[in-house]
Structure formats: C-alpha cells, structure tokens
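Take these sequences, add in the hints, and give me the full structure.
As they're listed, the protein sequences go chains X and Z.
Sequence positions in the first sequence follow our numbering and run 1 to 225.
Sequence positions in the second sequence follow our numbering and run 1 to 225.
Treat the hints with care, since some could be wrong.
Claimed, not checked - Covered by chain Z, according to a simulated footprint, are these stretches of chain X (three or more residues, beta-carbon under 8 Å): (1) 149–162; (2) 170–181; (3) 196–208; (4) 212–222.
To be verified - Computed list of chain Z residues with no C-beta within reach of chain X, every gap over 10 Å: (5) Lys8; (6) Ser25; (7) Ala37; (8) Asp40; (9) Ala52; (10) Phe56; (11) Gln72; (12) Gly154; (13) Ala156; (14) Trp187; (15) Leu189; (16) Ala194; (17) Glu214; (18) Glu219.
Since the hints were made in silico from the structure, they are not lab data.
Given the structure is predicted, the values throughout are model-derived calculations rather than measurements.
Positions of the beta carbon are idealized from the N, C-alpha and C atoms, including for glycine.
Below, each chain spelled out in residue letters.
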Amino acid sequence: MDVLRRAWAIVWKDLLIEARTKQSFNAMVFFAALVLFIFSFALGPDTELLRRVSGGLLWVGIAFTGILSLSRTYQSEETSGGIEGLRMYPGDVRAIFLGKLLGNVVLLLSVEAVLFPAAAILFQIEMWPHALELAGIALLGTVGFSIVGTFYAALTVNLRAREVMLPLLLFPALVPVLLGAVNATTLVVVGDVMQDTGIWLRLLSAFDVIFFVICIWIFPIALEE
Amino acid sequence: MSVSAKSKPAALLGLVALAVLLAGSVVGLFVVPADAAQGDVQRLMYVHVPAAWLAFLSFFVVFLMSVLYLIQRDLRWDRVAASSAEIGVVFTVLTLALGSMWGKPTWGVWWTWDPRLTTTAIMLAIYVGYLAIRSFADDPEKRARWAAIVGIIGFANVPIVYLSVIWWRTLHQPPSSPRSVAPEILWTLMLNLAAFTLVYIYLMMRRIRLARLEGKLEERVAYHG
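This is the structure we're talking about:
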C-alpha cells in the first residue's frame, strides 16, 4: 500500500503541474488534430474511404502524439537532479514507474477524449452508440502504449539522441498494441459481422498484463545510476 | 605470438565450417532433385531456412546472455550478447532477402504481409534498436545494462508480435503452411543447418574476441585520456 501512496504522490504532483501550465495537453491536442487533418488531405476527400481507415488514422495520431508526451515523462525531474532525489527516497523505486505510468495514461486519455469526437465529426462516424466499446478499446490500447512507453522513456532519459532512440525502440515493441487497437476500433466503426472484436480485446489485455509484469519487474534496473 | 596461438582453434573451426558449407551448397544445388511443383526456386530453401534458424538462435543467445548479465553483471556476457545480436541482424537481413527472392517467382510479389515475413521484419527493427542503443552509450556498464533490458523485452515481444500478425492476416486469408517434405530434401536441409550453425560458432568466436579487444582499448583510452 505504501507503494501506491508514493505512486499517487507522483501522479498528483505531475498532474498538478500539468493542470496549472497545460504545456503538454494543449500542444498534444493540437498536434493530434493536425495529424488527423494531414491524413485526411493525403487520402483525399472520399468520406467512405476515410471512415473505413479512421481506426488506423486515429491510432497513428495517438501513437505520434503519445511519443511527444512520453519523451517528456521525466522532464520535470531532469533539472537539478530531481530524478536522483526521487530515487533516494526510501521505499521501492517501482512507485516511480507506477506514478509516471498512471500520469501518462491520464494525460493521453484526456487527449483522446477530444480526439475521438473530433474524428467522429471529421470522418462522419456514429460514435455515440459505441461510446462504451470505444472507451474500453482506448483504455486498453493507451495502457499498453504507456506501459512500454513509460519504461523505455526511463531507459532513454540519459541517452544522447533520445528523441531518435525512443521511437526506434518503442514502435517495433508496440506492433501488437497498434494491431489490436486499430482492428478493434475499425470493427466497431464499420460493423463487426464476424464477432472478431473480442480477439483484439483479448490481445490488448494480454499485452497489457505481460508487459506490465515485465516492465515493473525490471524497472529498478533501468533506473540504476 | 599469443594472439595467433589463441585463434588457432577458431581458424580450424572456420575451415571445417567452410567445408560443410561447400558440401551443403553442392548437395543443395546439384545432387538433390528439384522440387516437382516449384522447380529450382525451391533450392533457395536450403539457405533461407538455415539463415532464419541462425537469426532466431542468435536472438535467443542475446536473450540468455542479457539475463545472465543482469544477474552477474559480468561484461563477458555483454560481449557475447552484442556479438550474437550483430550476427543475428546480418542473418535476419539475409533471411528477408532470400525470402523475397523466393517470393517473387512463387507468390508473384517481392513482399507480402505473411505472418512469418512480417514478424521477421519487425524482429529486425527490434534488434536494430538494440544495436542503436549500444552505439549511443559511452559507459560500458550502462551500455551493457541498457542493451540487456532491450534484449529481454525485445525477445519477449517476438512471439506476441507473431501471434498478433497471424490474427491480423487470418481474418482475411489462411496463412501459408509448410507441406510434408521428401527425405532427401530434409537431409540436405539438415546438412545446411549444420553448416550454418558451424558458421555461427566460428563468427561468434571471432566477434567475441574482437569485442574483448575493443573493451580493452576502450579501457585504455578512458584511463590515459
């Protein structure tokens, strides 16, 4: 329970900074909307086509936007050795991972809360009848994305050229999450005749569980000095 | 000279590997009859399958050595892991290239989203990331630790990627499955598998020695400035 309390302290600190400055949220929403726009321009004004590929566009937008916030996960600790301070607190350093993970999930989900309705309008998708399913897919996908992302962000935080290294490490690892989230979203949007959505939800859940266990287990090694 | 004395077993093994490789090529190209359905193109299998086997073997060794390094923190294991990763990447590229050459006359395309093909490509991306993070780290201990983590997570991800790509494809088309093979084809394949494995051991001996020398040089440069 102590770990959870520590993790919560980190979440609270980061979200409070974010709520007061909104430096990440505003930029992320704007960037994500731009990605959707650029894809719409690239694929032409064919609404039927855009609707069919909307799941892919949404999650490419989320992945690109997520990378932006992930690479800043430990930014508030970078100046004046804050990360050393965190590490030297008594107790399990895994609390840092839990806290940062939760913070990333909340931030990314709040961006998606704007992005999904925006996509519904842009691509003329009926989202309200499927709101619950889409929220579930978004949650599972975002958690999977953030688990590996928060972990690799910690690994690359002291690296030169980390702007290159984070996506280089992260995107291949995220293939199952992207496949699961894109296919589930597309099936919900265009109609799931074969009842295949369940497979993708199971894949996402399995990925989340497996990588949560691996990442939280070796996180202390990643954070060593 | 101690250097030449040390490399004597390696040189001998290299000769043996070369001999078996030559024998395997001669048998594969001239002795075994061509496949009834595919013709001479099928002979590519005698190098394609061994190359793929070596790629997987290499990455499995990377995984084992990564775990061993994190437990014992002995840079010797890191050198073995790094050497194996390099060889693995080379043979993954070779596997993809050979598969592509086989795919063009057989499937009519250079590339298709076959689960095995796609997974191999993603595996390549994962281990290029592994080599990249190594090249960005200056401190040998940090480099070894970061690389070991990537080596473990990357390996854990390969089966999940494979499964997700199978699901992604099978919802559209059945995956290609291996047919039963004639005994002489199987024997030729075994011969070539043995040849490639010998080549792997030979390359590993050479590469590990090089890594050891590189480590010594790095130490000397760090010490003398």
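Least C-beta distance between Z:Ser25 and chain X, which was stated to exceed 10 Å | holds (33 Å)
Far enough from chain X: is every CB of that chain over 10 Å from the CB of Z:Ala52?
-> Consistent with the label, Z:Ala52 stays out of reach of chain X, its closest Cβ about 18 Å off (over 10 Å).
Would you say the segment 149–162 of chain X counts as covered by chain Z, given the rule of at least 3 residues with C-beta under 8 Å?
-> holds (count 7)
Say whether it holds or is violated: Z:Phe56 keeps its Cβ farther than 10 Å from all Cβ of chain X.
-> holds (16 Å)
Minimum Cβ-Cβ distance from Z:Lys8 to chain X exceeds 10 Å = holds (39 Å)
Annotated coverage of the segment 196–208 of chain X by chain Z, confirmed only when three residues or more have a Cβ within 8 Å = Coverage by chain Z holds here, the residue count being 6 at a Cβ distance below 8 Å.
Verify that the Cβ of Z:Glu219 lies farther than 10 Å from every Cβ atom of chain X, and report whether the claim holds or is violated.
-> holds (20 Å)
Reported absence of Z:Gly154 from the contact zone with chain X (all CB gaps over 10 Å) = At about 7 Å from chain X, Z:Gly154 fails to clear the 10 Å cut-off, so the statement is violated.
Per-stretch coverage check for the segment 212–222 of chain X, three Cβ contacts closer than 8 Å to chain Z = Contact hint for the segment 212–222 of chain X vs chain Z: holds, 5 residues under 8 Å.
When you look at the beta carbon of Z:Gln72, is every beta carbon of chain X farther off than 10 Å?
-> Its Cβ never comes within 10 Å of chain X, the nearest being 13 Å, so this holds.
Would Z:Ala37 pass as off the interface with chain X, using Cβ distances and a cut of 10 Å?
-> holds (32 Å)
Under a C-beta cut-off of less than 8 Å, do 3 or more residues of the segment 170–181 of chain X approach chain Z closely enough to confirm the stated coverage?
-> holds (count 7)
When each numbered hint is compared with the structure, violations occur for hints 12, 13.
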